[in-house]
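Protein chains: 2
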Amino acid sequence: MTDIQQNGAARPLPRVATIFDVARVAGVSTKTVSRVLNNEARVADDTLARVRAAVADLDYRPNPNARSLAGRRSYLIGLFYDNPSRNYMADIMGGAIRRCQEKGYHLLTEPCEADDPNLPRMMVSVAARFRLDGLILTPPIVDRPDVLDAIAQANVPLVRIAPRTDPARTPHVHMDDEAAARLAAYHLADLGHTRLGMILGHPDHGAAELRRRGFMNAAAERGLTLSPDHVLPGDFSFARGFAAAEQLLALPNRPTAIFAGNDDMAAATVAAANKHGLQVPRDLSVIGFDDSPIAQVIWPPLTTIRQPTMAMAAAAVDLLIGDTDPEPVRQLGFELMVRQSTGPVGG
Amino acid sequence: MTDIQQNGAARPLPRVATIFDVARVAGVSTKTVSRVLNNEARVADDTLARVRAAVADLDYRPNPNARSLAGRRSYLIGLFYDNPSRNYMADIMGGAIRRCQEKGYHLLTEPCEADDPNLPRMMVSVAARFRLDGLILTPPIVDRPDVLDAIAQANVPLVRIAPRTDPARTPHVHMDDEAAARLAAYHLADLGHTRLGMILGHPDHGAAELRRRGFMNAAAERGLTLSPDHVLPGDFSFARGFAAAEQLLALPNRPTAIFAGNDDMAAATVAAANKHGLQVPRDLSVIGFDDSPIAQVIWPPLTTIRQPTMAMAAAAVDLLIGDTDPEPVRQLGFELMVRQSTGPVGG
DNA sequence: ACTTTATTAGACAACGTTGTCAGATGTCCC
DNA sequence: GGGACATCTGACAACGTTGTCTAATAAAGT
Numbered sequence: 001m002t003d004i005q006q007n008g009a010a011r012p013l014p015r016v017a018t019i020f021d022v023a024r025v026a027g028v029s030t031k032t033v034s035r036v037l038n039n040e041a042r043v044a045d046d047t048l049a050r051v052r053a054a055v056a057d058l059d060y061r062p063n064p065n066a067r068s069l070a071g072r073r074s075y076l077i078g079l080f081y082d083n084p085s086r087n088y089m090a091d092i093m094g095g096a097i098r099r100c101q102e103k104g105y106h107l108l109t110e111p112c113e114a115d116d117p118n119l120p121r122m123m124v125s126v127a128a129r130f131r132l133d134g135l136i137l138t139p140p141i142v143d144r145p146d147v148l149d150a151i152a153q154a155n156v157p158l159v160r161i162a163p164r165t166d167p168a169r170t171p172h173v174h175m176d177d178e179a180a181a182r183l184a185a186y187h188l189a190d191l192g193h194t195r196l197g198m199i200l201g202h203p204d205h206g207a208a209e210l211r212r213r214g215f216m217n218a219a220a221e222r223g224l225t226l227s228p229d230h231v232l233p234g235d236f237s238f239a240r241g242f243a244a245a246e247q248l249l250a251l252p253n254r255p256t257a258i259f260a261g262n263d264d265m266a267a268a269t270v271a272a273a274n275k276h277g278l279q280v281p282r283d284l285s286v287i288g289f290d291d292s293p294i295a296q297v298i299w300p301p302l303t304t305i306r307q308p309t310m311a312m313a314a315a316a317v318d319l320l321i322g323d324t325d326p327e328p329v330r331q332l333g334f335e336l337m338v339r340q341s342t343g344p345v346g347g
Numbered sequence: 348m349t350d351i352q353q354n355g356a357a358r359p360l361p362r363v364a365t366i367f368d369v370a371r372v373a374g375v376s377t378k379t380v381s382r383v384l385n386n387e388a389r390v391a392d393d394t395l396a397r398v399r400a401a402v403a404d405l406d407y408r409p410n411p412n413a414r415s416l417a418g419r420r421s422y423l424i425g426l427f428y429d430n431p432s433r434n435y436m437a438d439i440m441g442g443a444i445r446r447c448q449e450k451g452y453h454l455l456t457e458p459c460e461a462d463d464p465n466l467p468r469m470m471v472s473v474a475a476r477f478r479l480d481g482l483i484l485t486p487p488i489v490d491r492p493d494v495l496d497a498i499a500q501a502n503v504p505l506v507r508i509a510p511r512t513d514p515a516r517t518p519h520v521h522m523d524d525e526a527a528a529r530l531a532a533y534h535l536a537d538l539g540h541t542r543l544g545m546i547l548g549h550p551d552h553g554a555a556e557l558r559r560r561g562f563m564n565a566a567a568e569r570g571l572t573l574s575p576d577h578v579l580p581g582d583f584s585f586a587r588g589f590a591a592a593e594q595l596l597a598l599p600n601r602p603t604a605i606f607a608g609n610d611d612m613a614a615a616t617v618a619a620a621n622k623h624g625l626q627v628p629r630d631l632s633v634i635g636f637d638d639s640p641i642a643q644v645i646w647p648p649l650t651t652i653r654q655p656t657m658a659m660a661a662a663a664v665d666l667l668i669g670d671t672d673p674e675p676v677r678q679l680g681f682e683l684m685v686r687q688s689t690g691p692v693g694g
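For the protein sequence lines, the chains are S and R, in the order given.
Numbering of the first sequence is given in my numbering, commencing with residue 1 and proceeding in unit increments.
Numbering of the second sequence is given in my numbering, commencing with residue 348 and proceeding in unit increments.
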């Protein structure tokens, strides 16, 4: 135990090729190398080729610190978030990191408090100091007007994911929660269910209301109206969903199918059914929303609507980097994943 | 939709205070400010106070890029991982990021491929270029000898989380999986169970074998031996766990309690029991390992062993930064979380 | 042939810190 | 009182890029 290498002071890292080395090998000035690296126009074809060859030869990569110190860019994108759901954030971060890697960017992830009054100042300060090339915001901080104001005033590019207010204000990425929820209603109606129940999402989360509206409207189209006591509030948490489900299942005229505002609450509904001796889907159909990992880690696996979370994060990165389609709003598709938690009524 | 602010070229970020501003305000040289910022010795008390005041006054924070370009450090720690489990990585990242924030560091997270032959070169290259202050490795790449060699040769401080091979080789953080698994066996024995079953973890993961050994030995201490057909291989996945559980439950002399190598497989066991009309814990006790989020998002909630994942990541950061206890190995505690998936034999 | 203009390339100064090294000041001892 | 020493501070040169400005060359227009 005593001869374990200690992490200490002096540590001469291996020398890495610099822009000078490349310039020397290619027989040009450092500035020309820089031009090639940054795809600036006006470099003669053969110069370009020579520089490219030297870069490849030396396995040269520009030092990001020097780059962002000297230039205006950092090749760094900031992701600020307040931890609503682990799975959601894991997907967001995963999708963003992957795309960043592809594009030669890096992601700086900064947890924060959604109700911190200092948030605007803090974000601008980090952005300025790191010279962030852009910011990505996720719900719920995506809708704080003071944050949006500060970022706009500081001139930091911003892409919001799933904003609920003021959509025209910034570029953003979103999906059509309402249309997705309609799909859930059609699916249940097609299976012959007529007594539908719903457990709502967190009222502060914009998507919750959209999902409610889509589900109710689509049900109405099929001639089904939900009785008021079959629609219970929730907050996207398992515990609250479990309580709501128990309440629904105790009703004398209980629903034969329940649409939960997200997968956690759908899982809670399945669990509550199990607890009360009801078989899913024979006695009760359950449909969730998100297609989070939990959907496939319970039995029966959940029928749910796949929300393209990773793709949304990737699209947000694309919008920030701006080397693709300049359309500042991107709407992504969803998909109904039919698994085994739904079935014909009485089935 | 046309007047949405586009992310474009020129964007004058707000001016932030530099070390020169602080020096001017405090009436000292920039070098002295630097000394104060880096806690170097030999600064007179009143100078120190003046500089500190100026820093606070201007809300000055050193520019990280300039800092790591000029100095030897980056205040950046690299976390390389190959995505084994979402929940596990979310905990690792969360724990590491939080501690980094506290210490004024940042975390660079880099997904990679565990079997990429280029991994060593790639890691050293990133470390050198970013002047990373250290590297954190998680299973399974934590055990690749070529990676360890390359990092050692490049002189990059390294802390491993839960290494299985060569523990004396580097500082590391771990927990005593064997002792933890013993706890599971004692718990079941105390409840009166005599027919115990186990679903093993992935054979490539060092912890799997430790958990098996601990469980079996502790059971033996209590006079219980597991019949060979009550110990089934698994791989930490829900699907594989589900199949194994179904196989165990179909046995004529099925176990009354099952210890699964992790929570996903424990959840699968509960699910399989539900599917076959068995009530947990009345007809079957199930105990998991990890205390991952899924433990509380099924019903009944899982009795499981809490693995201090976030704390391990935080400890890894501490070891790298090295401003605390210099002991290069840190073993963290675990805890038996008794919930509702275990109960006395026969209900 | 001679300017004008586009194209390509280089010299050199930023960028905001820390490292090195030397200078200034104060303290102690003989 | 003067040297040796410890303590504190500052000037200045890195660090590795990009921005700005200017020079050299080639192409085009008169």
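Everything labelled a hint here was simulated from the structure, so no lab data went into it.
You may find that some hints are simply not true.
Claimed, not checked - Taking beta-carbon pairs under 7 Å as the criterion, some of the chain S residues facing chain R (in silico):
{"no.": "1", "residue": "P14"}
{"no.": "2", "residue": "T18"}
{"no.": "3", "residue": "R61"}
{"no.": "4", "residue": "N63"}
{"no.": "5", "residue": "S68"}
{"no.": "6", "residue": "R86"}
{"no.": "7", "residue": "A150"}
{"no.": "8", "residue": "A154"}
{"no.": "9", "residue": "F238"}
{"no.": "10", "residue": "R240"}
{"no.": "11", "residue": "A243"}
{"no.": "12", "residue": "I298"}
{"no.": "13", "residue": "W299"}
Stated by the list, open to error - With the C-beta cut set under 7 Å, the calculated list includes, among others, these residues of chain R facing chain S:
{"no.": "14", "residue": "A370"}
{"no.": "15", "residue": "R371"}
{"no.": "16", "residue": "R408"}
{"no.": "17", "residue": "R433"}
{"no.": "18", "residue": "A437"}
{"no.": "19", "residue": "A501"}
{"no.": "20", "residue": "A618"}
{"no.": "21", "residue": "N621"}
{"no.": "22", "residue": "I641"}
Unchecked claim - Derived list of chain S stretches under chain R, where covered just means 3 residues or more per stretch with a C-beta under 8 Å from a C-beta of chain R:
{"no.": "23", "segment": "89-98"}
{"no.": "24", "segment": "108-114"}
{"no.": "25", "segment": "121-135"}
We put the CB at the ideal spot given by N, CA and C, even for glycine.
Which of the numbered hints are not met once you compare them with the structure shown? 2, 7, 10, 11, 14 and 15
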